[in-house]
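4 protein chains.
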Amino acid sequence: MTLNLADLPADVQEQVATTRRVVSDLHAELPRWELVVWTAGNVSQRIRVADRIGEDLFVIKPSGVSYDDLGPEKMVVCTLDGKKILDGTPDSLQPSSDTAAHAYVYTHMDTIGGVVHTHSTYATAWASRGEEVPCVLTMMADEFGGPIPIGPFALIGDDSIGRGIVETLKDSRSRAVLMQNHGPFTIGSDGRDAVKAAVMVEEVARTVHIARQLGDVIPIPQEKIDSLFDRYQNVYGQPKK
Amino acid sequence: MTLNLADLPADVQEQVATTRRVVSDLHAELPRWELVVWTAGNVSQRIRVADRIGEDLFVIKPSGVSYDDLGPEKMVVCTLDGKKILDGTPDSLQPSSDTAAHAYVYTHMDTIGGVVHTHSTYATAWASRGEEVPCVLTMMADEFGGPIPIGPFALIGDDSIGRGIVETLKDSRSRAVLMQNHGPFTIGSDGRDAVKAAVMVEEVARTVHIARQLGDVIPIPQEKIDSLFDRYQNVYGQPKK
Amino acid sequence: MTLNLADLPADVQEQVATTRRVVSDLHAELPRWELVVWTAGNVSQRIRVADRIGEDLFVIKPSGVSYDDLGPEKMVVCTLDGKKILDGTPDSLQPSSDTAAHAYVYTHMDTIGGVVHTHSTYATAWASRGEEVPCVLTMMADEFGGPIPIGPFALIGDDSIGRGIVETLKDSRSRAVLMQNHGPFTIGSDGRDAVKAAVMVEEVARTVHIARQLGDVIPIPQEKIDSLFDRYQNVYGQPKK
Amino acid sequence: MTLNLADLPADVQEQVATTRRVVSDLHAELPRWELVVWTAGNVSQRIRVADRIGEDLFVIKPSGVSYDDLGPEKMVVCTLDGKKILDGTPDSLQPSSDTAAHAYVYTHMDTIGGVVHTHSTYATAWASRGEEVPCVLTMMADEFGGPIPIGPFALIGDDSIGRGIVETLKDSRSRAVLMQNHGPFTIGSDGRDAVKAAVMVEEVARTVHIARQLGDVIPIPQEKIDSLFDRYQNVYGQPKK
Numbered sequence: 001m002t003l004n005l006a007d008l009p010a011d012v013q014e015q016v017a018t019t020r021r022v023v024s025d026l027h028a029e030l031p032r033w034e035l036v037v038w039t040a041g042n043v044s045q046r047i048r049v050a051d052r053i054g055e056d057l058f059v060i061k062p063s064g065v066s067y068d069d070l071g072p073e074k075m076v077v078c079t080l081d082g083k084k085i086l087d088g089t090p091d092s093l094q095p096s097s098d099t100a101a102h103a104y105v106y107t108h109m110d111t112i113g114g115v116v117h118t119h120s121t122y123a124t125a126w127a128s129r130g131e132e133v134p135c136v137l138t139m140m141a142d143e144f145g146g147p148i149p150i151g152p153f154a155l156i157g158d159d160s161i162g163r164g165i166v167e168t169l170k171d172s173r174s175r176a177v178l179m180q181n182h183g184p185f186t187i188g189s190d191g192r193d194a195v196k197a198a199v200m201v202e203e204v205a206r207t208v209h210i211a212r213q214l215g216d217v218i219p220i221p222q223e224k225i226d227s228l229f230d231r232y233q234n235v236y237g238q239p240k241k
Numbered sequence: 001m002t003l004n005l006a007d008l009p010a011d012v013q014e015q016v017a018t019t020r021r022v023v024s025d026l027h028a029e030l031p032r033w034e035l036v037v038w039t040a041g042n043v044s045q046r047i048r049v050a051d052r053i054g055e056d057l058f059v060i061k062p063s064g065v066s067y068d069d070l071g072p073e074k075m076v077v078c079t080l081d082g083k084k085i086l087d088g089t090p091d092s093l094q095p096s097s098d099t100a101a102h103a104y105v106y107t108h109m110d111t112i113g114g115v116v117h118t119h120s121t122y123a124t125a126w127a128s129r130g131e132e133v134p135c136v137l138t139m140m141a142d143e144f145g146g147p148i149p150i151g152p153f154a155l156i157g158d159d160s161i162g163r164g165i166v167e168t169l170k171d172s173r174s175r176a177v178l179m180q181n182h183g184p185f186t187i188g189s190d191g192r193d194a195v196k197a198a199v200m201v202e203e204v205a206r207t208v209h210i211a212r213q214l215g216d217v218i219p220i221p222q223e224k225i226d227s228l229f230d231r232y233q234n235v236y237g238q239p240k241k
Numbered sequence: 001m002t003l004n005l006a007d008l009p010a011d012v013q014e015q016v017a018t019t020r021r022v023v024s025d026l027h028a029e030l031p032r033w034e035l036v037v038w039t040a041g042n043v044s045q046r047i048r049v050a051d052r053i054g055e056d057l058f059v060i061k062p063s064g065v066s067y068d069d070l071g072p073e074k075m076v077v078c079t080l081d082g083k084k085i086l087d088g089t090p091d092s093l094q095p096s097s098d099t100a101a102h103a104y105v106y107t108h109m110d111t112i113g114g115v116v117h118t119h120s121t122y123a124t125a126w127a128s129r130g131e132e133v134p135c136v137l138t139m140m141a142d143e144f145g146g147p148i149p150i151g152p153f154a155l156i157g158d159d160s161i162g163r164g165i166v167e168t169l170k171d172s173r174s175r176a177v178l179m180q181n182h183g184p185f186t187i188g189s190d191g192r193d194a195v196k197a198a199v200m201v202e203e204v205a206r207t208v209h210i211a212r213q214l215g216d217v218i219p220i221p222q223e224k225i226d227s228l229f230d231r232y233q234n235v236y237g238q239p240k241k
Numbered sequence: 001m002t003l004n005l006a007d008l009p010a011d012v013q014e015q016v017a018t019t020r021r022v023v024s025d026l027h028a029e030l031p032r033w034e035l036v037v038w039t040a041g042n043v044s045q046r047i048r049v050a051d052r053i054g055e056d057l058f059v060i061k062p063s064g065v066s067y068d069d070l071g072p073e074k075m076v077v078c079t080l081d082g083k084k085i086l087d088g089t090p091d092s093l094q095p096s097s098d099t100a101a102h103a104y105v106y107t108h109m110d111t112i113g114g115v116v117h118t119h120s121t122y123a124t125a126w127a128s129r130g131e132e133v134p135c136v137l138t139m140m141a142d143e144f145g146g147p148i149p150i151g152p153f154a155l156i157g158d159d160s161i162g163r164g165i166v167e168t169l170k171d172s173r174s175r176a177v178l179m180q181n182h183g184p185f186t187i188g189s190d191g192r193d194a195v196k197a198a199v200m201v202e203e204v205a206r207t208v209h210i211a212r213q214l215g216d217v218i219p220i221p222q223e224k225i226d227s228l229f230d231r232y233q234n235v236y237g238q239p240k241k
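Going down the list, the sequences are from chains A, B, C and D. Sequential numbering from 1 applies to the first sequence in the UniProt record's numbering. Sequential numbering from 1 applies to the second sequence in the UniProt record's numbering. Sequential numbering from 1 applies to the third sequence in the UniProt record's numbering. Sequential numbering from 1 applies to the fourth sequence in the UniProt record's numbering.
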């Protein structure tokens, strides 16, 4: 089935428009936190409309477009099989070359509402050694509840990247996986949460790298990690409304 | 006792308003000097009003709020037992999850008027090895009068972080402590002085780290450190008015 | 033959004016991506007008001028023998001291439309060890199709730098060469493509450096590199119009 | 003799005003190139007025003032014995605590018109190991004509820093010295030239540091260094008017 934006119910079109703005704004966070260069990296967010049109959608960055040139109208809307839906303009953009990986995550992880991919430097460095980042910082215990795991080497072009992400993260507290020789993918409850995980995974990858350069780091006992993770997930921040 | 902002004397309310502006502005220094990412880090400043209302107050960052969204009205006012005082609005924000540590410092160190906490990268790297930063730079002798000490591993949730800070710093010239596996806390005569210490501790942690990567650093003899510290504390800058 | 801008056909003058704007704008990318300090670095772009005036031209940065002070009118127009063409103003600027190297590339590589030179930190570090950057990242396979090669040590002042670039790159997939003890030169289909290669070569030099600091990196098998390079060159980005 | 600004001849007052603007503007380059944090670092420039008033003057940063708060009117005018000259305002600022070192350089090196001091990270790291930066980059041969030398450990408070700078640089091609455990001082024909040297010494200190982290660097033969230095000093940039 090929979906066309103009054929969707008005309230779904409204949700699409809102999500395009959100995802466009979130892309500005990637260069801001120095997670990407040139056109690399991408953010997506799920639109939960299965009850309205029979399937969810998601919004993602177009392929190879500069961060300077992004905007809500450039964001590509896709179905969960990774096909873009038409918006009535003849020159509508092609979605990110990583779209299939994002689609696979949404299809196989129901609770996930946002996915981010970057080649951020320190996280990618750990990935190219195939070495997980050990949990030796309280902020890492807070945010990820343990080490940052390594995913398999996988080529673009089929579902092997998406499968590698899902298989690595499905039984993990971590919202970040370092795909071997490639770079980090992060997941979250929505796009913003996945962007936060992308910022934090680079931060902890960098800090632990620097710590390790001059000697051994002190491990945090597992029960302390558990205690920090539990508290941060339930107490930190403002009360949810 | 639960304090309410509207019940305070007018001149104390004035001091609270001024301090909220100061502390809000000081928070902008943390991302500016790249000491924090996302919502991490916090600055507080004491309000010396014990002679007016029987106890001092302090102002601190709200928990989990982005640096982009801060402003004087978002700053939380607390008593020295770490409880926020009510400001009459139903949606007033919750204070930083590190509030108990700040409160402990103010309660146990009378001369301290400002406290800052970050996870700045190089300082946190030394902290995760549990290794003090040796005093091998004249700017470090100037500012800290010796090495930057390590504080104990301590979990959030009771007064163990505050106690670790106070016990490490109470007999030290250093205004910075690196809490093991966690990150730096700095203290000062006011919020700005503690922010300066936070900037400088990262700077010296970074420079000494880089120096050590390629070989041994040259120690500065203790009497030279003493001479530099004494001069800087008494001669540097403009005359106090 | 000494060319004078005023003597060129009107349509060629138009192409010159457009290219000066493009090259001036591209120079802003070098400080933006932190590839240069002070006045170092330069971008050039070929103007394909051999069918109109018997030879191609190219536009390049003036020598020793600050990036703050650049603009289209400051860009120098040269013939392919590296001589600037006169523009009728007595104070017209002298071209970059690297002009001969750019000219040599255009003369000996017909398909190349842009050249960039920087002293970007990590690429120059590999260059000063005379060590090629191994291909251990998928983004490096995508962009460069293999390792970043080292070019010979060559002094400025004759065609030895240009010759070193061309001999190293003519049979390579890489659009970047690290000239020993000197720094990277990159080539591309136009100025923008060469700037992209300059950004990416620093990014991969930096990431692989950091990866190698803590241990061995995992090589990517040659057939996977081939597959990634082929796909990226043909599928990534928006369809060419 | 105590000089008073109001008592100087009108043309000298004019030169003072111009130099204060120049030196104020040059200070903005230090944070821009990330050579300083907080209030650290300083630039000075000589005013050649010995033929008018019997001695030269120089302009320097006030002590302990934030870079945000600088401006021409904040710049302090000094005689070559390092005493500030009065400007008629009761609250005129005290000059940098490094003023004596700047004054010593101007007094003992007639051709020097500008001096800069920073604690830039990589240069200070080499300084704290007491290890000169070897000349393994063509840009370093261009700019400094050889290695960056180390100066003695010297305390602030008498002329020992100034003496260390002059004794290290007087027979060197280098315009930069790394004072042991302290940081770089650079000199130049004017303030801008000394600022350029401060930017370049950090750049080469950083690049050679990074190169050395992963192995041995390739030395550049002395006659090639001589050739590069000679050419750069005489050919690079636009013709002097």
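Worth flagging that the hints you see were computed from the coordinates, not collected in a lab. Since we're looking at a predicted model, the values are computed, not measured. Mixed in with the good hints, there may be bad ones.
[Said to hold, decoys possible] Each computed DSSO-like pair below joins lysine-lysine, with the alpha-carbon atoms no more than 30 Å apart: (1) C:Lys84 / D:Lys84; (2) A:Lys84 / A:Lys170; (3) C:Lys83 / D:Lys224.
Now the hints, each set against the structure:
For the hint pairing Lys84 (chain C) with Lys84 (chain D), the CA-to-CA distance comes to about 50 Å; that exceeds 30 Å, so the pair is violated. Taken as a hint, the Lys84 (chain A) and Lys170 (chain A) pair is honoured in the structure, with Cα atoms around 26 Å apart against an allowance of 30 Å. About 26 Å separates the Cα atoms of Lys83 (chain C) and Lys224 (chain D), which keeps this hinted pair within 30 Å; it holds.
Of the hints listed earlier, the one the structure fails to meet is number 1.
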